[in-house]
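Chemist: Heads up: the sequence lines are chains A and B, in that order. Here the first sequence is numbered in our numbering, starting from 13 and rising by one per residue. Here the second sequence is numbered in our numbering, starting from 9 and rising by one per residue.
If you're looking for bench data, these hints aren't it; they were derived computationally from the structure. One should not assume that every hint holds.
BS3-like, lysine-lysine: derived pairs with alpha carbons at most 30 Å apart [what the hints assert, rightly or not]: (1) A:K185 with B:K28; (2) A:K69 with B:K158; (3) B:K429 with A:K185.
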Amino acid sequence: MTSATASIMVSILGMADEASAESFFVSGRGALFGWLAIISVFVLVSIVMARGGKVFKVRPIAGLSAVDEAVGRATEMGRPVLFIPGIQDMDNVQTIAGLTILSRVGKTTADYDAQIEVPVSRSLVMTAGREALGASFLAAGRPDSFNEDQVYYVTDEQFGYTAYVSGLMVRKKPAACFYMGQFFAESLILSETGNSIGAIQIAGTAETSQLPFFVAACDYTLIGEEFFAASAYLSGEPDQMGSLRGQDLSKALVGAVLVLGVVAMTAGALVGGLDGVTGFFQSLVGG
Amino acid sequence: MVAPAAAPAHAPAPAAGAIKIVVATDCGSTTTKAILIQEVDGVFRQTHRGEAPTTVEEPFADVTVGVTNAVTELEELSGRRLINPDGTILRRTSPTDPNGCDIYISTSSAGGGLQMMVAGVVRQMTAESAKRAALGAGAIVMDTIASNDKRRPHEQIQRIRELRPDMVLLSGGTDGGDTKKVTELAELIAPAKPRPRFGGEYSMPIIFAGNKDAAAGVQKVFQHGGFDLSVVDNLRPSLENENLGPARDRIHDVFLEHVMAHAPGYDKLMRWSNAPIMPTPGAVGDILQAIARGRNINAVGVDIGGATTDVFSVFGPHFNRTVSANLGMSYSISNVCAEAGMANILRWVHLAQMDERELRNRVKNKMIRPTTIPQSLEALIFEQAVAREALRLAYVQHREFATNLKGVQQQRTVGDTFAQKQGGSSIVDNMALDLLVASGGVLSHAPRMEQTAMMLVDAFEPEGFTELAKDSIFMMPHLGVLASVHGRAAMEVFERDCLIYLGTCIAPAGTAVWGKPVARYTIDGVDAGTAQGTLLGGEMKRFAMAGDKRARAEIVPEKGFDVGAGPGKAVTREIRGGTVGLILDGRGRPLVLPSTRDECRRSMDSWVKALDLYPG
Numbered sequence: 013m014t015s016a017t018a019s020i021m022v023s024i025l026g027m028a029d030e031a032s033a034e035s036f037f038v039s040g041r042g043a044l045f046g047w048l049a050i051i052s053v054f055v056l057v058s059i060v061m062a063r064g065g066k067v068f069k070v071r072p073i074a075g076l077s078a079v080d081e082a083v084g085r086a087t088e089m090g091r092p093v094l095f096i097p098g099i100q101d102m103d104n105v106q107t108i109a110g111l112t113i114l115s116r117v118g119k120t121t122a123d124y125d126a127q128i129e130v131p132v133s134r135s136l137v138m139t140a141g142r143e144a145l146g147a148s149f150l151a152a153g154r155p156d157s158f159n160e161d162q163v164y165y166v167t168d169e170q171f172g173y174t175a176y177v178s179g180l181m182v183r184k185k186p187a188a189c190f191y192m193g194q195f196f197a198e199s200l201i202l203s204e205t206g207n208s209i210g211a212i213q214i215a216g217t218a219e220t221s222q223l224p225f226f227v228a229a230c231d232y233t234l235i236g237e238e239f240f241a242a243s244a245y246l247s248g249e250p251d252q253m254g255s256l257r258g259q260d261l262s263k264a265l266v267g268a269v270l271v272l273g274v275v276a277m278t279a280g281a282l283v284g285g286l287d288g289v290t291g292f293f294q295s296l297v298g299g
Numbered sequence: 009m010v011a012p013a014a015a016p017a018h019a020p021a022p023a024a025g026a027i028k029i030v031v032a033t034d035c036g037s038t039t040t041k042a043i044l045i046q047e048v049d050g051v052f053r054q055t056h057r058g059e060a061p062t063t064v065e066e067p068f069a070d071v072t073v074g075v076t077n078a079v080t081e082l083e084e085l086s087g088r089r090l091i092n093p094d095g096t097i098l099r100r101t102s103p104t105d106p107n108g109c110d111i112y113i114s115t116s117s118a119g120g121g122l123q124m125m126v127a128g129v130v131r132q133m134t135a136e137s138a139k140r141a142a143l144g145a146g147a148i149v150m151d152t153i154a155s156n157d158k159r160r161p162h163e164q165i166q167r168i169r170e171l172r173p174d175m176v177l178l179s180g181g182t183d184g185g186d187t188k189k190v191t192e193l194a195e196l197i198a199p200a201k202p203r204p205r206f207g208g209e210y211s212m213p214i215i216f217a218g219n220k221d222a223a224a225g226v227q228k229v230f231q232h233g234g235f236d237l238s239v240v241d242n243l244r245p246s247l248e249n250e251n252l253g254p255a256r257d258r259i260h261d262v263f264l265e266h267v268m269a270h271a272p273g274y275d276k277l278m279r280w281s282n283a284p285i286m287p288t289p290g291a292v293g294d295i296l297q298a299i300a301r302g303r304n305i306n307a308v309g310v311d312i313g314g315a316t317t318d319v320f321s322v323f324g325p326h327f328n329r330t331v332s333a334n335l336g337m338s339y340s341i342s343n344v345c346a347e348a349g350m351a352n353i354l355r356w357v358h359l360a361q362m363d364e365r366e367l368r369n370r371v372k373n374k375m376i377r378p379t380t381i382p383q384s385l386e387a388l389i390f391e392q393a394v395a396r397e398a399l400r401l402a403y404v405q406h407r408e409f410a411t412n413l414k415g416v417q418q419q420r421t422v423g424d425t426f427a428q429k430q431g432g433s434s435i436v437d438n439m440a441l442d443l444l445v446a447s448g449g450v451l452s453h454a455p456r457m458e459q460t461a462m463m464l465v466d467a468f469e470p471e472g473f474t475e476l477a478k479d480s481i482f483m484m485p486h487l488g489v490l491a492s493v494h495g496r497a498a499m500e501v502f503e504r505d506c507l508i509y510l511g512t513c514i515a516p517a518g519t520a521v522w523g524k525p526v527a528r529y530t531i532d533g534v535d536a537g538t539a540q541g542t543l544l545g546g547e548m549k550r551f552a553m554a555g556d557k558r559a560r561a562e563i564v565p566e567k568g569f570d571v572g573a574g575p576g577k578a579v580t581r582e583i584r585g586g587t588v589g590l591i592l593d594g595r596g597r598p599l600v601l602p603s604t605r606d607e608c609r610r611s612m613d614s615w616v617k618a619l620d621l622y623p624g
């Protein structure tokens, strides 16, 4: 190590020491830490309760309950089931949520001995999709019915993929179409094509700009949080159920504080003399 | 396609205008019941009834012996000769002939009635439609085989081999849809070789009501092996449509051709009859439909027996029937207690001295002597408590079965974002229910009409305005067949003689808080004149109102309560009286009884007093 390098290192370390001494705890953000702690407690306590055998009621999600109906329709009509796990890669949380739902759809398809087709637009999604679908067929006791070519790669190009899937829908007329993942402009094209061929369609996305299209064109739509809650809903595992409940409690608390805060701030602005109350709410959001 | 064979001939029926005197019988497993219907002053009335033991079994082994005996009783009571010297039913030779009848009709449930096995591709879709067709035709469905019923093929074959159905109804695939799985189902049934109940000398009838494209393949499977296949129109030509008529008609034909033709004496009975002999529950369903459509109302009928409970419903164009095979008041009483739980039964008992242990003892006694009837007030209260739970459970099963079609594409708008209702929701809507009809021993033979009414209200939880009635002598089967040859006669007898109107129940739907107001009421036309007041949560009131009386009821529900026009909205309408009168039920819907035994018992005690259910 040269002396110049050493002096640079010393100066950097010295700056780090000063910084850590000054801002390791940012006192103005204490409220956020408090929120983090509360949410963590909610989640952890809920998980512990779920592990202890406490059963949490989860509101039935119509879109997930309708999976049997959609696959049943395909079976009776002798047509395939189409599953689209969005157009994003495996680094996208919506794609992962979509593959969770693919597991459920795949198991139902295997139970009913129906055909399923999963065209994807990313190679990694194809690999993960094959794993998920294979496991579903195994869980259903029909590993022999699984063919990995049921999950196949088409193209990374957004509209090239959309054109392929639309053509496939028109040709094969699947009786059940699932759109689960992140979608953009292709959402309406796909769901309108599916609607025109008379398929039962179930969509799920957290992409708020695409939700109205799915809601209007599909039979059922998992909206935002429902989409992410689906894996807990489907698996029923204590950890996931507890986590879901903990998050819901946290959201309820945050919502209540927001409403009370708005009321207090409005009242404070209108009548004045509520500095203590408004100050309290400001401190809750670290303001 | 295999053309359906013609059903055995019955005697032709005269024109409806020429029918003035009708003899009808219902051949049950133990008793053959006969009724005489005559036109009196331009109106058809049931004038006499007789009964005799059914004679299907040895030593007689001829159902017509029992029929002749029952009709002979009619003859003795009416003074009208109805039997020929050779034992057949005598017909009138002219409109002025003082002897004989114009037509003779019959239903039958002897020998266990019609027992069927049904199969379909998807349990919730074509298999469910097949089950609906079979139940609607009056059959008992022994099992439902489906591709997704979670059983392995060898388990399904084993099950088919164990059953001895009268016939099999096979469905599956929409027209132009699946052919593979429905053919696979045929390939399960054919090697299993199900044997018919009545002897082995005739071929097992199979009715195929599936995808028309699969018919050829199914025929090929059943061409050998002693099957009698008939192909009818698909009962689910598309998933959006259900077409049960052809399958039901074919079931009736096969019932006559095979089941009845092989039962002792039925060939003779069929020749005597002027209309096809119908399975008893099928005939009950037909008359309920005729009444509901004639009066443009929604109706539910229940028949609670010793081993099973049948529930029939007509809501709009939809008719449904379910048979709860293990819910009954004698042979199945233990199962009712096991399914409902003793705590649920105990909640209907207002006697302080009756505890769970005593209930258990009573259940066991009933199991040892299932056909006994209550000999003491305590035994009656116990039996009626069990009946409430049996009826409640049967109705729950019925609501789950009577649903809209599943697998149908939904049309949405953006407005549906947060209200996406799933397909297959129940058709049964208690708020839309207009008429509730009770039959079966525990309901028909309750010592007081108030007890029948209370059992119906507690078990079915009618909402809004609902008329309550009971079938006086289980005449509905006779009238069901009569409706097929003379609709007006059937309707007139049903209204005047078959039904005993108990009255009207008005029950606001909503969560009631005990002691807090539920609704205000003004009833103009009860026996006492006008009744006015406030109905409180947990309260029941009864106003006497003679059977043929009509009153005008104005009900103003509190916020959160609904009597048919929406929460908090007043309803004024005409109501019908009856032997019980008007019942105002302020317990809320769904009905939630107090959770502690003491509170529950006190509440029940107050309702017993309000309706004067039991003496003392």
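Chemist: Does each hint hold? Answer for all of them.
Modeler: So, going through the hints one by one against the coordinates:
Proposed proximity of K185 of chain A and K28 of chain B is contradicted: the alpha carbons are some 60 Å apart, above 30 Å. For the hint pairing K69 of chain A with K158 of chain B, the CA-to-CA distance comes to about 26 Å; that is within 30 Å, so the pair holds. At roughly 25 Å between alpha-carbon atoms, K429 of chain B and K185 of chain A fall within 30 Å of each other, so this suggested pair holds.
In this structure, the one hint that does not hold is number 1.
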